[in-house]
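J.: Below are the chains, spelled out letter by letter.
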Amino acid sequence: MQKPVIVLCYRKVIDNRSVKQWDKLVFDSTYLEFKIQAQNFSQGTAYTSYAELMRNVANARRLNGMVTPSATGYIQQLGSIMPDILNNVGRRFLTFSRFQFEIINSDINDKDKHQVAVNFYSAPLIWHDTIDSYLLISDHLPENQPSAEGDTITTNLMQLQPYVNISSLQYLD
Amino acid sequence: MERKNFLKSLVIGAVSTSALVEACKKDADTVTGTTTTSGSSSSGSSSGSTDSGTCSVAPTETEGPYPTHSPASYVRSDITDGRTGYKLTVKITINNSNSSCAALPSALVDIWHCDAEGNYSEYGGSGSQSTNYTLVHFLRGRQTTDSNGLVTFTSIFPGWYTGRATHIHVHAYNSSGTSLKVTQIAFPEGTGTALAAVNGYSKGMSGYTYNATDNVFSDGYSLELATVTGNTTDGFVLSISLSVPA
Chain A
114 MQKPVIVLCY RKVIDNRSVK QWDKLVFDST YLEFKIQAQN FSQGTAYTSY
164 AELMRNVANA RRLNGMVTPS ATGYIQQLGS IMPDILNNVG RRFLTFSRFQ
214 FEIINSDIND KDKHQVAVNF YSAPLIWHDT IDSYLLISDH LPENQPSAEG
264 DTITTNLMQL QPYVNISSLQ YLD
Chain B
661 MERKNFLKSL VIGAVSTSAL VEACKKDADT VTGTTTTSGS SSSGSSSGST
711 DSGTCSVAPT ETEGPYPTHS PASYVRSDIT DGRTGYKLTV KITINNSNSS
761 CAALPSALVD IWHCDAEGNY SEYGGSGSQS TNYTLVHFLR GRQTTDSNGL
811 VTFTSIFPGW YTGRATHIHV HAYNSSGTSL KVTQIAFPEG TGTALAAVNG
861 YSKGMSGYTY NATDNVFSDG YSLELATVTG NTTDGFVLSI SLSVPA
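Sequence lines, in order, name chains A and B.
Yeah, the first sequence ends on 286 if you go by this note's numbering, and it's all consecutive.
Yeah, the second sequence ends on 906 if you go by this note's numbering, and it's all consecutive.
In short, the hints are calculated from the structure, not lab data.
Note that this is a predicted model, so its numbers are computed, not measured.
A partial selection of chain A residues facing chain B, derived with a Cβ cut-off under 7 Å: (1) GLN134; (2) TRP135; (3) LEU138; (4) GLU146; (5) LYS148; (6) ILE149; (7) GLN152; (8) PRO182; (9) SER183; (10) THR185; (11) GLY186.
Cβ atoms here follow ideal geometry from the backbone N, Cα and C, with glycine treated the same way.
Produce the entire structure from the sequences given, and follow the hints as far as they go.
T.: Written out as structure tokens, the structure is:
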């Protein structure tokens with residue numbers, strides 16, 4: 114019986130309370146870009162907030178895609194290693210190749226209202242076991258599927274935590 | 661049995677303390693206990709989220725690589741991104757209509773236009789366009805005006821799509837990102853023009869909307885009409901001055 118393969122999604126929320134250097138850079142860059150791009154939708158209206166634009170202006174949802182390029186340079190600097198999520202010995206270990214940028218809130222006139230999220234999707238992982246609130250996982254490689262007695266697999270123990278979701282599950286066999 | 665092996669390899673791999681390894685050999689439960697303890701100190705934890713405000717397992721590794729300032733990937737002079745077509749150099753000069761039309765330095769200028777087939781990047785899925793290009797931003801770029809108010813882009817001559825004359829979108833902002841002007845650049849028409857030379861690429865010009873009947877340009881476009889020189893072999897150069905209130 115092969116172990117199921119999962120993809121983890123970490124939704125990293127960034128706002129004016131964020132303290133890490135990377136988060137602040139993403140905050141500033143995406144706010145400037147939001148302000149720049151939102152004016153393509155707000156011209157001729159009194160709307161300044163993302164929520165108002167979404168409710169009242171056709172296609173304002175495009176803003177998510179239009180603001181994304183202001184974050185991609187920073188996401189590339191992560192070198193495909195997911196930030197913040199640690200294994201139980203305190204190391205970052207999850208790799209990602211996909212992300213999705215998301216505007217949660219913002220306002221052309223009020224930077225403090227700016228709140229965004231980067232959704233990081235992990236590379237596929239083999240889910241071996243669950244120990245208390247910890248997932249025992251390994252990279253999704255053929256040699257990491259348990260096959261014979263005595264096989265050794267390199268694994269990571271990771272705590273289930275807020276803002277981390279199992280975004281897909283695949284049964285093999 | 662299986663689980664014990666996991667824990668064993670975990671501990672051996674992660675911590676090379678012989679005492680722990682011994683403990684592990686003797687009794688897997690001890691290790692589980694240890695894990696639980698360290699877990700509960702970080703529990704509630706949450707870890708990753710900047711929002712949680714509770715404690716989390718602190719990284720025990722070198723911080724880095726340190727993030728450095730990275731401009732939006734719109735910021736580039738060559739916006740071609742592999743789109744094929746006749747080369748077009750776009751030279752836009754921004755003047756300040758509130759200051760005797762003096763050159764406006766340090767203004768941000770965004771341009772975007774469609775490719776040879778008439779498709780835009782980032783607008784897939786909408787009614788007017790079926791090809792999905794939402795994940796790329798070809799033929800979009802941003803430059804900052806120099807002391808002469810000039811920005812230069814390298815691109816391709818735009819194609820056309822139903823209902824519109826050939827055009828390039830321009831959005832000028834001041835250095836802090838406040839909008840100064842949204843406008844479009846129109847192309848000269850008729851014999852000997854670049855538009856005639858490109859001849860709509862593979863589409864031809866059947867069904868083309870000319871400036872006089874274009875719903876954007878038909879109310880007058882003399883201030884939006886560019887000068888376009890060149891030919892299909894060497895490429896074209898487009899020049900225009902736009903006055904904006906700054």
